[in-house]
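Colleague: Residues per chain are reported as follows:
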Amino acid sequence: MSFSVEHVTKRYGGVTAVDDVSFQIGKGEFVGLIGPNGSGKTTLLDGLGGYIRKDAGRVALGGHDLSKAPPYELAKRGVGRTFQVPRVFDNMTVVENLYCVPAARSSEPKEKRVEDTMEMVRLASVAHEIAKNLSGGQKKLLELARVVMLNPTIVLMDEPFSGVDPAMLESLLGLMREMNKEGRTFLIVEHNIAVITKNCGRVICLDEGKVIADGSPGDIRNDPRVIEAYLGT
Amino acid sequence: MLTRSELLPKNVYLLAVGLLVATAVVPVVGLSNLIIDVMLDLFLFAFVSLGWNLLAGFTGQINLGPALYFGIGAYSAGVLFQTYRITPWAAFVVGPAIAAGLALITGYPTFKLKGDYYALATLVISQIVLLSFLAWDYVGAAYGLSYDIIPFSWYWFQFNTNHLAYYYIGLVMVLGALGLTWRIRNSEFGLRLMAIRDDEEGAKSIGINTLRYKLVISMISAGVIAMGGILYAQYTLYLDPNSTMSLTITADIALPALLGGVGTILGPLLGAAIIQPLEWLLRFTIGSNLQLAIRGAIFMMIVLFIPRGIMQTVVDKYIRPKMVKK
Ligand SMILES: Nc1ncnc2c1ncn2[C@@H]1O[C@H](COP(=O)(O)OP(=O)(O)OP(=O)(O)O)[C@@H](O)[C@H]1O
Ligand SMILES: [Mg+2]
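Protein sequences, first through last, are from chains Z and E. Following numbering that gives the first Met the number 0, the numbering of the first sequence begins with 0 at its first residue and continues without gaps. Following numbering that gives the first Met the number 0, the numbering of the second sequence begins with 0 at its first residue and continues without gaps.
For the record, the hints were derived by calculation from the structure and aren't laboratory data. The structure displayed is predicted, hence computed values, not measured ones. Cβ coordinates follow ideal geometry from the N, Cα and C atoms, glycine included. Wrong hints could be hidden among the right ones.
Said to hold, decoys possible - Some chain E residues close to chain Z (C-beta under 8 Å, calculated; not the full set):
| hint | residue |
| --- | --- |
| 1 | Pro8 |
| 2 | Lys9 |
| 3 | Gln81 |
| 4 | Arg84 |
| 5 | Thr109 |
| 6 | Met193 |
Claimed, not checked - From the derived model, a few chain Z residues whose C-beta atoms are all more than 10 Å from chain E:
| hint | residue |
| --- | --- |
| 7 | Arg57 |
| 8 | Lys75 |
| 9 | Asp89 |
| 10 | Asn198 |
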């Protein structure tokens, strides 16, 4: 199930936030998406996830055209998404946050999936706490746990590690790696370059809405355009 | 496993239902007609507030014109009986169907938009329908619609000589609305509604077709409120647009939920149990003027002192800290 992005463009007035972006991600890849502030990373994820209307371009998962699909349709097709600021359901308990995920893509009983997922993300001890009382890192875990419930083919994540302490970062990353081992694809927007280069097999760099580099972490680190636009000297 | 965020001990619900059932026995001992009428209003507005709460409380969509559905229910009963001599019980099909249709027409274009367009649309449409009814001869225009009185008949849904029948119907309706709310609150459907309320984009991201959910629950909510209008019509036996569709009625529908706790199961019942007796008391002491002003004042007090309503405030302060520590 490869994920293909072809000529995706999004303009805001005079600003071309995403400018003719194309790439293909194969099943099970763990890809980092980097770039300076305002380079269009969030806009691109929003476009891929169906949250904003694209001005042009095509998005497909395993050959299915999803260019025009709304977010809930994409979710049902196996495209999971987490947000720069976690979007948990504040006034619902952790259990309820997981329970409300439609289980269209699994035949296992809901109860068991919720329990397994809570064990997996280690939120079982706060199962009955309401989400707004969780720490920032726990909210990110919960958001990812919701994605786990979706049984996704690909997960789009916007800055999963921002504002997360080192221990929590390890938990999150461990969970992501575990999901990746099960064959799930990841596309991760992140400013923490050290984490990206250490964990991603491939890095795509955006600048002013355009892909300026796409390759292995080693290549990216030494790419003069990436250094100029983002990494600095 | 499906634990409720309200975290109220189950006993509280049993107590509430117990109290309600007890009210069924009390009249046998003998209550004055006045108290029966106050209780009937309490049941009626607890019922419609429970209906309003399904959408406002659990889904976060504020309907500012629920009196429209109330009026639709009332008039469907009135017109069926007075114009066509059809039993008003049939209004339990016709009224909710029309109300749900209106809810669909209002919700479909406005739920898609970000912001408070739905609230605005419900307010505007309720006012437009109110004005239209004032000019519409078929429903008696501004003169309203007076029932031919039948002393006591189950078939014609009129119990003028013994209000206890209304009382029991009201009680059954409240129990039904509580049961419906309980069912929805503890279902995946209800959890998804709350997810939409808490974060709509987040809800979409896990595969919830938020527009469809909002439409379905707004239609259910409208249907419930319309049923309240039917009971009101059969009890007062006189309808005019201002007494069934005005902002005063909208306030009476929304305030119990806001006071008792929007988005809780028992909140609207608790709120109605406080507000309705209070309104009767005020009517006796300062008369029927200032109806809307009084409701406005109650609203201001809620916003200032208990913005989340009584239930949630109690749960947050006293119950949740204990439960979570365990
Ligand atoms: N809703 C919007 N309206 C107008 N312009 C927007 C909107 N959203 C984003 N932009 C613009 O699009 C460009 C890309 O923004 P985007 O948020 O995608 O960047 P980003 O790479 O995610 O940045 P950051 O690293 O700071 O999160 C910026 O110039 C931004 O100002
Ligand atoms: Mg961003």
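Colleague: Any hints this thing doesn't respect? Which numbers, in order?
Modeller: Hints 1, 2, 3, 4, 5, 8 and 9 not satisfied by this model.
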